[in-house]
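Asks: Here's the letter readout for the chains.
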Amino acid sequence: MIDTIEKEDNIISEEEAAQYDRQIRLWGLDAQKRLRGSRVLLVGLRGLGAEVAKNLILAGVKGLTLLDHEQVTEESRRAQFLIPVDADGQNQAQASLERAQLLNPMVEVKADTDAVESKPDYFFFQFDAVCLTRCSKDLMVRVDQLCASRNIKVFCGDVYGYHGYMFSDLGQEHHYVEEKPKVVKGSNEANDGPEAKKPKVDPNETTMVKKTISFSSLKEALEVDWTNEKAKSSLKRTPADYFLLQVLLKFRTDKGRDPQPDSFAEDSQLLLQIRDDVLETMGLSSELLPNTFVSYCFSEMAPVCAVVGGVLGQEIVKALSQRDAPHRNFFFFDGLKGSGVVDYFGSK
Amino acid sequence: MAKLVGPLRKELADSLSSCRVLVVGAGGIGCELLKNLVLTGFKNIEVIDLDTIDVSNLNRQFLFQKKHVGKSKAQVAKESVLRFCPSANITAYHDSIMNPDYNVEFFRNFQLVMNALDNRAARNHVNRMCLAADIPLIESGTAGYLGQVTVIKKGQTECYECQPKPTQKTFPGCTIRNTPSEPIHCIVWAKYLFNQLFGEEDADQEVSPDTADPEAAWNPADAAARATASNKDGDIKRVSTKEWARSTGYDPVKLFNKVQLFKDDIMYLLTMDKLWKKRKAPLPLDWTEIHHLESSQEEACGTGLKDQQVLGVQGYAQLFHHSVETLRSQLIEKGEGAELVWDKDDPPAMDFVTAAANLRMNVFSMNMKSRFDVKSMAGNIIPAIATTNAVIAGLIVLEALKTLNSEFDQCRTIFLNKQPNPRKKLLVPCALDPPNPSCYVCASKPEVTVKLNVHKTIVQALQDKRFKSGLETNNNKFLSDFGIRNGSRLQVDDFLQDYTLLVNLIHSEELEKDVEFEVVGDAPDKAPTPSVPEEGKNIANGNKDSAQPSTSSKAAAEDDDVLIVDSDEEPSSSTMEASPESSNRKRKHHGTDTDDAASKRKRLDQQPADDDEDIIALD
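Quick note, the sequences are listed as chains S and Z, same order.
full-length UniProt numbering applies: residue 1 is where the first sequence begins, and numbers increase by one.
full-length UniProt numbering applies: residue 1 is where the second sequence begins, and numbers increase by one.
Excised from the complex, chain Z in its bound form:
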């Protein structure tokens, strides 16, 4: 029989005290996980989180107290853990894991990585880094009562991106602009309106009636006629919403009546009569009329939360008025050309969306919603409790123990359900799936690592001299001009050879004289001769075709392509071409950001792509 150290066999206990692990995230799961790790006997732990502590975290992130609000989660978590386990060796990083400083070499320092994240972008990123470093990754997530844990090991299991994940829900423009039928449509519209008036204007976030709505047209010619008619009017649609608002001095009453809001544009919508053949038509609101109504349901608070009251139309009209005035002052204070960023925790911003959404709901005959409910939907708040995170974090450590012993055949995906399934299971372990052979991210492709100076190497150096096409203009640009930097991975396809090669770039300023680049480590079989990766189109073109390097399958390119597969570059104007995907991401996800305001983050990184926690309750 085995010798025990506490509950563990001796060999296992010994390996725990020497191994190094990385915890990504110090929030709901992270706090519980850190506690479990040190109590189990792990000694060397690094934890990273870019966030600061908020009062709404305190119902579950138990390493934090009220006095810590505003401080770094990673830092305070470390301090709290040390208090009950002073011998633990913990390093805390108040930083984003997507910072290129945390490169493959950094990941290789660890025997195990455990995610405790709340967004897909970071999960995708860590997934790839762990694959590249060949370090096992334990992935997990929780939402409400549900949770899930799984193990990712290169070559043995599916990676995080082997199976497509459900994309976040978006609504068609005409639903938002013309025919909302659910409160969420009105809330999204209200957020768009906020941006149109006070924030960064976005062509994808129009609030005015959509004359091009296919449903509105009795026939195609009619639709075309409407479209040209409205343009001819030289009406508001020509002038941006913000300009118009500014021209009225953000007069709340004018805003209210203009349809932007609730009268004029609604009247316009009503003329699109086909839309209302089978739907209840919207009822426009007029500012003065509202105030002639009997002042209604503004009752006493009672024993409920103030935020959970549902006001009447007058109440929301008042709220609208008040919030517009406050936001106007905020804009003025910020100065010329200022923009506000919507934040659910900024009261006037939240008030504005609550009011505007509810007024629109009223116009479209929907039951209005309390500020509490609107905040949930507008802010994509995921309800969270301590116990779910506690269970999941316990499961993570149990999987970690098997992983460290390389007992991958024992590892499982485990689902936590709210109720037991017909086989009485509340916790459902499932065997891990093998890797998806056509996974774009983890399927084995030949790879080579090349060291060069991105500032000094020009595109042409990567291309065969035989290359010809009209695109020589880019040949003399430096790689760094395209956002290629240390850690970038380029995919080179050669259709003549039916060969794809991944090139990992390590930026170096210390190459020997006359050496343009250096192959590091082994080059794969069938690798091209060192001087010429292969014929390649220039990078910019390649990227135009492949707008989404991280999630799509290979771009259907006509010719040979060099694609940036994985740039750590942050979106910025100079790299617009190089990483259109990331800037698109930034725009599209207004409706679905996670729980945290941009301002709290240490770096204005890519916004978290969505709020999903990848929870599936299996039966």
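Just chain S, with the same shape it has in the complex:
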């Protein structure tokens, strides 16, 4: 993990300076250098994965590994813009590689065709950040536990129809800086009167403030105890999307896949059933998640992938560059309402 800039040989070339100019003007050179030294693992190359890949490659990370064991199908090809039209039957990560690399030749983009479940622990340790899409709950919990202790930033995200979420675990102690305007008291030279009108320092000058923040594990975030009074009272302000996520993760675990338009009828039934079970187990009412949800959680909506992929991509950039306050720790997007909410679940 990059603790200090001097750790690696991080000179930005003139070519990079020209290409990254508009973002260096936003987040600064230091942040760009940290990105430039970071390696990221991205699991799952469907709609959301492709968006995250694009965003990270354009941002200028050192390396991005695309990991996906699945094959390209017509449906998966239509879901994203990196896979060429004649790639049916190829591995998804492999098929996405060429176009991904062309987005920014300065990033090392690799494809890995293994199933993420088959990867040994040490595989993950080579990365500074890991982003998991289309993964089972168990796998995500396992990888999160593995990585957080080694200060590897963990991100999860999925898109289900009009809905999408992202989760982040930046560890017990995530350090970052925030840029704040500099407050300068006028300390003027001798030939000014005490009522000198303007401060000598450029009012546009800013200062960097260091901060530290802690995150919950995924396990604790998903296993909130809703039976205690405090949790119950916070229910009103809790986005229903949190419970929708629980339902969809359970579906994925039980069926080994996500709800599919081809089996809309039976999948809808199953979703309603799972909703009842999940909420009952939590000691909550089914009314928290009205039946209508089933119409809007199938497949991946491209614009929802763009929104969630944009927020998720930016969170990864923030975490790697250690600049600006990260969202803590869930982001839920409801594409029907256009609302995007950040909320915290897990250990306090």
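Worth flagging that the hints you see were computed from the coordinates, not collected in a lab.
Note that the coordinates shown come from a computational prediction; the quantities given were computed from them, not determined experimentally.
Watch out, some of these pointers could steer you wrong.
[Claimed, not checked] The calculated BS3-like cross-link candidates involving lysine-lysine, where the alpha carbons are at most 27 Å apart (straight line), are:
| hint | chain 1 | residue 1 | chain 2 | residue 2 |
| --- | --- | --- | --- | --- |
| 1 | S | K182 | Z | K280 |
| 2 | S | K180 | Z | K66 |
| 3 | S | K230 | Z | K66 |
| 4 | Z | K67 | S | K62 |
| 5 | Z | K66 | S | K62 |
Take the given structure of chain S and dock chain Z to it, following the hints.
Replies: Below, chain Z alone, put in the same frame as chain S:
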């Protein structure tokens, strides 16, 4: 339960493949938007952009690669999209949307228009075209981490111009010329200086001390005395800056010492002692003195960007010297009467402004700024990243789906913030506001469309024979003499009837014999009889009163007026009177042009009015 095609209900999916949409702009938002549209299932897309690809676009405009630099954005965007969706039907226009070819008929071809623009002039224009064509418009903008999307539907929502937008920031002349207190004042001054020396001279861009500065006067008589005194000197203020510079052969040292720059004019400013009673007085620089100073902080580059170094006074003096010489050569090469146009991406031009601004900052005891920072301010660069554009473009398509279903009650204005608000929202949807009933642009006014030949119809034909006033001189001029052409809209006010009528003109050379004009479509109730719109003053006069037809409320005219409301005419010398607003615009916005050099545009259109992206972070 609904039948699904992918994630969408079948009826929606079907309507997507048949509808036609227009995307205005193929830059940061445009690239993301095109991708989202085709992946969602839109099939018939037209995209227009007048710009070409620059290397600084590549951090976010992902449809472009390095090898495409210099090519048309619209064209390359189309090609890139076709690569992952060959069945999409895309038409690309390397053109300005403000080209009159894209008239109301053109807009009526689409079920939906989506803006992906970076300037207000074009947004205003598209707003009006969509209102005129009654086509829904989705408007959006981004800047840094912030973004916004909204839906505009005539008669149901606010239009883009219903609420006044903040005007771009300008500084008073005396601040620029006499009492700068912030780096931006010095940078604006340096740009003015560039134009005075090498470019198009502009009376609004004086760089020499302003003797008429109200703050300088101990009393009004004193100010008057100063003003006459300086004129009497027969000094430089009589001779234009450029002439003077030419007379010295653009000698950098003389320029430097002359105040133009940094010595003589500063000495003059110092005599205006009241200005310095409460401010730190400027310290003049002398060329020879500077070079006797210890050569200072010119350190090694280190691990930073070269451009981000802040040099010392000597360094900027050198830079000044060097850039003046380079620019002088450029001028000479261009020949007699040549002018340079300032461009942040032209190194000597940027060097000049960096050096001149910093020297002035030094004179006025401000901390100097790196070339990197000066470029941001001088070039009005808006920082931009891929992710913000990705989010906004996703939201645009989601609004588009509701719009196509005519679910306007579901449409929202959505703000993207940098941090969640106290209600935990990062994306904040807000209900759309109804139209502003006194909006000059969209409030319903009676309208009629009239077909005539602008080259052959004279002003008088539009006027009642009862008209009399001293202004008959214009009666025999053709409408086209005033820049009226196809697509022009005239506003006719009749105060006697308390009636305002908007006349849309369609130019035609194919009217029947003896027919002067023809009313097209329905004429509104209470319309005047076809031969006489109403008493009207001649157009030129009307326009003199209403310098800003596009943004101001109706001109307070004494008599009946015919005003050109919306001319598609480009500013040119022959239409100076007809569209003073557009030529004013061209002059005033030197300090605030957007990110693109005039030379890159296919047409030298109106300069983009400003750089705003209309971002408001709401909490």
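Asks: Does the structure keep K66 (chain Z) and K62 (chain S) at a Cα separation of 27 Å or less?
Replies: holds, 19 Å
Asks: Is K180 (chain S) close enough to K66 (chain Z), meaning Cα to Cα at most 27 Å?
Replies: violated, 35 Å
Asks: Are K67 (chain Z) and K62 (chain S) close enough, with their CA atoms no more than 27 Å apart?
Replies: Given that 27 Å is the threshold and the Cα spacing comes to 22 Å, the pair holds.
Asks: Sort out whether K280 (chain Z) lies within 27 Å of K182 (chain S), counting only the CA atoms.
Replies: holds, 21 Å
Asks: Are K230 (chain S) and K66 (chain Z) close enough, with their CA atoms no more than 27 Å apart?
Replies: violated, 56 Å
Of the hints listed earlier, those the structure fails to meet are numbers 2, 3, in rising order.
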